[in-house]
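Asks: Sequence:
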Amino acid sequence: MFNYALCSTSLQDNTVLTLGNIAVFDSIGILIIFALLFLLASSIASWVALSRAGHLRSEVLLLKKRIDELLQDLPGAEQDPAQRDRSQTAATDAAPDRAQDPNPAEPGTPSIGERTGTMVPKLSDQAKDPAENPQPAASEAPKGVWTNQPSQPASGAASETPSREEPETDAAGKPGDVWTNAGAPPAAAVETPGQEARSAGDERIAARQMGVDFEPEKQSFEHNFGARLPVWIGGIAFALGGLFLVKYSIDNNLLSPFVRVLLGGLLGLGLLAAGDIVRKRPNFANGRRIAQSLSGAGIAVLYLAVYAATSLYGLLSPTVGFIGMAAVTATGIMLSLRYGKPIALLGLVFGFITPALIQSDTPSALILFAYLIVLSAGAMALIRQQGWWDLALPTLAASLGWALLWIVSSFGDDMLVVGFFLIAIAGLVAFFNQGHHSKAANAWAPEFDQRTAFGYLGVGGATVAMATGVGLAGYGLTEWGLTAILAIGGIYLAYSDDRQYRLIPWISLAATSLLLFLWKENDLALYAGTLIGFAAIYAASGYALLWKADNAVPWAGLTAATSLGFYLLGYFKLHLAPASPETAVDSTLFWGGLALALAAIAIYSVRRVQEHFRAEAQKEYLLAIFAVAATAFVSLAMTVLLDEKNLPLAFAAEVLAVAWISRRAEIAVLRPVTGILAVIFGGLLVPQILLLVQLTAFSLIELKLPLQASVPLVEQPLIRLGLPALFFIGAATLLRQKADDWLVRGLEIAAIALGAVMGYYLTRHVMNVDANVLYVKAGFLERGIITNVLFFYGLFCFWAGRRFLRASVSWSGAVLCAVALFRIGYFDLFLYNPIWSNQEVVGWPVLNALILPFGLPILWCLLTAREMAFLSKSERTEYWARFLKPVALFLAFTWVTLMIRQGFQGSFLDSFVAGDAEVYSYSVAWILFGIGLLVAGIVTKDQSLRYASLAVTLLAVGKVFLYDTAELEGLYRIFSFFGLGFSLLGLSYVYTRFVFGGKEHAGGEISSEKPSGNPR
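So the sequence shown is numbered by our numbering: it starts at 5 and just counts up by one.
Hints were generated in silico from the structure; no laboratory data involved. A couple of the hints might just be wrong.
Once the Cα atoms are required to be at most 30 Å apart in a straight line, the calculated DSBU-like pairs of lysine-lysine come out as [as the list claims (entries may be wrong)]:
1. Lys963 <-> Lys945
2. Lys963 <-> Lys889
3. Lys742 <-> Lys623
4. Lys649 <-> Lys524
5. Lys781 <-> Lys649
6. Lys552 <-> Lys623
7. Lys742 <-> Lys781
Full structure from sequences and hints, please.
Replies: Structure follows, in structure tokens:
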């Protein structure tokens, strides 16, 4: 178990503790530790050197052998079999450690020129019988095979009789792939294979060096399940067996602690010896993996033995125990050069958990991070030398994890040591990751692979960890200085290797900006000095390097982003929300002048870019960056010098300015910048948008949100909403001259939305001059005016869209008309219907407030239906056009009914009392309304109007028979029935005469024949 709290506990509790808690060593103990670390590093280096020397010696012997074979093909250089056998014997004696060729060449075998030669060792683990896998012809050479047969064969027999090709053997005695070549071999074929593959098993690196696409043979499920999996399960079983053996001896008190530890150590050494024996037996089935498993189990048992001797039994002091565990880790790392990656992974795991398993009463950051830096350096050297880059990220994560653990723990006072450790980690990553990407000025999107992630995690992770330490340590000068060192180092790395570390300065900039934003410092000089210092690091270095770098765009972006971001940060922290009055810089003239000065620098940079850069690809982006920066600072200067509430207006003006610059300078990259600025403008209007949502919610569900008390209403809507709408329309017009895309349509829709909000606020201000519209509910007349304003604005958008061929404008008009219809349905017909709601309907009969929500919208609905038909010929628009006509008829019926009610009841219609005259008037009005619809339907030949006439007439019939019969008395009841009778007879006559155009026969059928002659 791991004690990540770095706390000290007693040995009797059998708890594990951390290296950070190593006791205070005397000078001899510290020297022993550093000597061990030195021996660890030197041992790794020595082993690497020996491995490389042995490998190079094998390559030299292989090269000599191939030269001898090539010499045999030269004219007059034929060798007899005896001489060839002597050459092979000499090569074998010179390399006794090399495995024998399983398929030696027999006497009489055709020479290399006759059998097309073998030039490259095979990259698979096992050889295949050449007879079962014949090599393809030269014209059908597979991928990775070079063929070059001579135009004229040496002899007819040789050309007619195909010879049996036998695979050559590489330095390890394994059969090789065949590259047929009757002439001189290609240059790449004689290169030493595997120049980076320092271990015999790393075939992928060898293939990459030889220019061959390495495709490892896919193993079957049976092979993986029957050959590979049992090996590792067996190794784990050995380790667990040793653990349970120790537990059994403890439970039964069979052996003393010393004997237990001794036997555990002997078991571990025995497993290591067994693994070495298996490795040295080339004919041992699956010997390589079995040797790995045994060695891994041996390392684990040795590590547990040292741990038990130190933490469980107290046989070793913490110093000696730590040295023992480090020695086991070093052994595992060195053995990985022989057994491969799994042993390296095991050694690294034990190496990084060693600090968590050693007990001490006092933490020592110096000892902990000195050990970790040596371990990390050795691991990175091994990873680069062997090409095991999939181990790089876990190694970095463990190193940075220890640093973060120390920072957030109670022992986080040693930030100087931790900071230098993080700087060292970043330096090691940069050193061992050299040469990954080739420098290319036009490489805009470098490939992101394991080594790229290794670089970003190492340098970027160290930067983030350092920023965390700055915040937790109280923003001290020491921590800020270490952060500055990392920032400068990141900028240097990005300049020296743009493809690998391009984003590192941006990561550092983001971390630093967040720290400065969170820092609450009462000393103005300290805060301002730190702010200016980091601004100089990022902006000044970026500006200086953009004129020298092959890829100048990131540096120009870094300069502009730093200038703009740090200006806003300083303005907020020192002017708008200072930590204390002592740190406030209240002079708006200073901030406005600073913004204008930065704008002047940006304008100067635009001019210098035009003179300095010739490449159009970079020049366009650079001009865009500095042009946007110039307009941004000019807008900020206006905002600062005028009023803070005008900041959205400044960004809206910047949208128009950038669109104008993009049109005049033909800078394509400025086009999306206008969209970004428009989004920023929308973000600044979020309080007003939320306020509008709140007012809507208040109107819908009678809910008053706390937002009302904290967000002021939009003042001067003509300036703060109308002007941005005009700016957006102007920007859309300028951008449309180049292309009509989503940005143009978005700006048009945004402008229309701003105009609608402006109309809403203007109407509310006009209707409530001396009151705060936040707390005044709109009345019946005011709601009607707002609804008609929306209708009129929507119809204007329909006209403008049709006039200028702008579909986005027309669809915006459709949305506005839909909103107006929703207002009528929800507010005037449902929620605040004057029939049951106490709403004042001012005016006279017919000419009153009812004309606003019910009268005029009849015309607006009919016009909207016509515009929808013009908009497109799709089924959707035709459906909405057909839908709006019944809506208009329903509004007309409602208007007629409510006018009768207003004529009898006055301004308030919510009384539940109605006289006979009023009830009779409804019947008369409905019948007349039905007749009017019938006449209109006949004149316009509109069947829907005739159907509406029938519906209204049926409603009147039902009212007369069901209601008037019971409620009316006297002449009102009589006139009601007589009027209904005459109306129905007239309705029948009109339908028969004008609709069907025939006459009624006695049989009740309608004749469609026209009468002949003059009627008598």
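Asks: All hints are to be evaluated individually against the structure, with a verdict given for each.
Replies: Okay, the hints, checked on the actual structure:
1. Lys963 <-> Lys945: 28 Å, holds
2. Lys963 <-> Lys889: Measuring from Cα to Cα gives roughly 25 Å; hence the hint holds.
3. Lys742 <-> Lys623: Roughly 20 Å separates the two Cα atoms, so the pair holds.
4. Lys649 <-> Lys524: It holds: about 25 Å lies between the C-alpha atoms, which stays within 30 Å.
5. Lys781 <-> Lys649: At roughly 26 Å apart (the allowed maximum being 30 Å), Lys649 and Lys781 satisfy the hint.
6. Lys552 <-> Lys623: This hinted pair holds, its Cα atoms lying about 14 Å apart.
7. Lys742 <-> Lys781: Answer violated: Lys742 to Lys781 is near 47 Å, above 30 Å.
Comparing the model with each numbered hint stated earlier shows that hint 7 is the single one that does not hold.
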